[in-house]
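Keeping the supplied structure of chain A fixed, place chain B upon it in accordance with the hints.
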Amino acid sequence: MFTFKSRIAILAAASLFSVAAMATDVTGAGSSFVYPVVSKWSAAYAEKTGNQVNYQSIGSGGGIAQIKAGTVDFGASDKPLDQQTLAKFGLGQFPDVIGGIVPAYNIPGIAPGKLVLDGPTLAKIFMGQISMWNDPAITRLNPGVKLPDAKIYVVHRSDGSGTTYNFTHYLNQVSPAWKAKVGQGTAVNWPAGIGGKGNEGVSAYVKQLKNSIGYVEYAYALKNHIGYALMKNAAGKVVRPNTKSFQAAAATADWKHAKNFELLITNAPGENAWPITATSWVIMYKKPKNLEHSKVVLDFFKWSYEHGQDAARSLDYVPLPPSLVQQIEEYWKTQFKL
Amino acid sequence: MTASSTKPATRDTDRRSRRDARHDALFRRVLLFCALLVLAALLGAALSTLWGGREVLLKDGFNFLTRSDWNPVTDTYGALAPIFGTLVTAIIAIVLAVPVSFGIALFLTEIAPSWMRGPVATAIELLAAIPSIIYGMWGLFVFVPFMSTVEPYLSSTLGKLPVVGALFQGPPLGLGILTAGIVLAVMILPFIASVMREVFRTVPARLKESAYALGSTTWEVVWDIVLPYTRSAVIGGIFLGLGRALGETMAVTFVLGNSYNITSSLLMPGTSIASSIANEFNEAVGLHRSALIALGFLLFVVTFVVLLIARLMLRRLERREGS
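Just so you know, the sequences run in chain order A and B.
My numbering applies: residue 2 is where the first sequence begins, and numbers increase by one.
My numbering applies: residue 507 is where the second sequence begins, and numbers increase by one.
No lab work stands behind these hints: they were computed from the structure.
A couple of the hints might just be wrong.
Derived DSSO-like pairs: lysine-lysine, alpha-carbon spacing no greater than 27 Å straight-line [unchecked claim]: (1) B/Lys565 <-> A/Lys180; (2) A/Lys69 <-> B/Lys565; (3) A/Lys125 <-> A/Lys238; (4) A/Lys89 <-> A/Lys334; (5) A/Lys49 <-> A/Lys303; (6) A/Lys182 <-> B/Lys565; (7) A/Lys125 <-> A/Lys211; (8) B/Lys666 <-> A/Lys152; (9) B/Lys666 <-> A/Lys211.
Looking at chain B on its own, in the form it has when it is part of the complex:
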């Protein structure tokens, strides 16, 4: 009786383990499929924009990248002005947003009284949920008039300085690269700040308390303990924001001025890849449409290159830490 009862039991576990193995394999395949789906979507989007832009790329080749004129009447297209505008506005946004986000995150994790941390953190996350068209309208109707009163001061003070002065020339339109950069900064700030806050909270209290016990100031704790501990995640957060700034469309379209210019002055209007596409796609036919799709492909390339640089920077940092 005892012998006969153990036998079916082993057969039972056998069957179970076979079934488990089958499930495991299935599970693994499902996960693989999910991962491949993302890759396929990315590759598909990249290839189809490349295919859509083939007309202009075959016609102009590398000139498409280096030419700065964009003339639908004569059907000549150069992508330099949109690329320039995209990069410059994104850089301004990052330069402004990173220090402020850093301050917000530090305040919330190190300095703020605990009753304040929750509400402010929620408010920041709410900021991230505002649709970009709202930022665009705020930019156009509130911020642009404000900037047009500030810009005369900028050009009469900073504009007089030797090298930097070139950045602040031109009429006080209120619109332009600087305004677009600032609006973008406000938009990406919540993303960077909430990532930073999350990672600062992962720093073990023991480390910080030890440093305080040794007599460190708050600044020393932040600079020598918190930041090195979270460096790669912080840089990841910054590049998340940069990625968003590069591809942002509607808000930029409203305040950038939409003119195919490459100027040294930040007060002049410009254009960006995403806003050019949003502006002209509806009524574009033939080579014009092809040029806009090719611009879309360039946005892929620009974003990819930027992320690649970020990865390389991270790896170098890690290596230096290791040595």
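Okay, chain A solo, but in the shape it has when bound:
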């Protein structure tokens, strides 16, 4: 005869088994940039398949550390790992979603999308070398726009972030002076301005400070109704930040020659490409210890490429272009031993 307690234990064990048989729980950690879209995908994916993807938004650095330690099934990072590290740990990486970074401004009398900037000018503004809005370098790009005779207040991120990493990577490419003086990184030694914490911090500062300029993810500029600038891209065309120009950047970037997708897509060559476009990467073991879990992770991202586009768009992320998705699926087949 079973006692009451042991009966409960058996019931509990049976129910555990039945859940385990139906669904797999996988965990990921890293970039806070992708957190909103991954959690939305994860909910829809769980409804469809019963598999649960738990994602912890602890920052890219943390995500990389966790996947190296093997405590999660996948890591997510706003900056790609280099080939050496990937080879050393037997890791592979691929992009999951695209986002655009825009120069955001608050100039009284100038509506969103009415200011045009180019890379070298942007670099000079963020170095403090161009300090007035009516500087000839800016007025030359904006014929017919009445720019005020006012001091420029620069706002940057105070926290380490993938947004800063991509933004400074762009400035590095278009301005040798920036490269020599500041360089690129998730956090840098800013020559000018004040620091806001997170995209929301920078948006709040720009919104409050008249004649200020900062850089935020596109969605934040839209949500907060702050001005965003148009940019002259590598092809010399003035482009508007939107889904199309972000996707054009991802499509025209040179992925073919980027081993393990180690490529930042800023300053992409396409005619319609937005110059400060960023991707985020998923990092996984090529020969994972837990096959079952890694299969679910890949299935999850495959599903998200096919079915997660609307969810991504509704949060102002941009889905990967089909050509890139094809390349990624090819990469899975050839590189991952699952």
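Using the frame of chain A, we list chain B on its own:
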């Protein structure tokens, strides 16, 4: 019968006193353990931050303290700007909060009608319970815009004065060291005020009444009777507030401007130890992370030094009183 009944009774008290002694010893050990637990936690936290920061401390040694540049790209770190910001904002906070707290506490214990004392005291304690992130958001969305309208006046009036003028230069951002100091002052005010109120209430009525009977004014009673009687507890309360101001993180991060500057002007943005850690820890790896943990250790040291100075000041006061 009587003899046999006393014997077990003495044996009984014997047993009781032995048991009491055992309990006493156990009790003493439990208390000792509690006290040691705090010491161990403190020591553990200090040592582990020191250990975490060993990379940067071994590499740069004393230079880490004296250098003012902080550059994650070239992996060079100097802690001078965060230390400077931490100390200056805390000092501004204390300078502003102490007189106001003193006024509140005096009003509540000496002057206010009795029906008012309870509600106002409760309101002050409620202020102390507001989470710091709320102060940060209030600071950013309400107080910063206000300060950006006040700052032009400050720099056009106080900024013109000879020595003091240097403190009020720069663009009217609304953010910066002065704003952070004022927000901190509002945050620590309830702590200092409620400690002061409690200790002012301990002054015996007889002393105060005697002074009044001799014809003292309220001010004379406060200055010559209440304050000397409660001096050490008042200073203790002030340093409780100072300790909180030194370590405050979120509210400061919102309004300080987060830029590694050391300037003479209070209107310029700066950074503090706690806000630097909160800002950068998530994405920091390698030497950068080590530098941030070392900053945490420095916060221990700074707080410890400040408390030490407080103790020394108290002892000197007491000695002077004794002589």
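Each hint, compared with the structure:
| no. | hint | verdict |
| --- | --- | --- |
| 1 | B/Lys565 <-> A/Lys180 | holds, 26 Å |
| 2 | A/Lys69 <-> B/Lys565 | holds, 26 Å |
| 3 | A/Lys125 <-> A/Lys238 | holds, 20 Å |
| 4 | A/Lys89 <-> A/Lys334 | holds, 21 Å |
| 5 | A/Lys49 <-> A/Lys303 | holds, 13 Å |
| 6 | A/Lys182 <-> B/Lys565 | holds, 23 Å |
| 7 | A/Lys125 <-> A/Lys211 | holds, 19 Å |
| 8 | B/Lys666 <-> A/Lys152 | holds, 21 Å |
| 9 | B/Lys666 <-> A/Lys211 | holds, 25 Å |
The structure agrees with every numbered hint stated previously.
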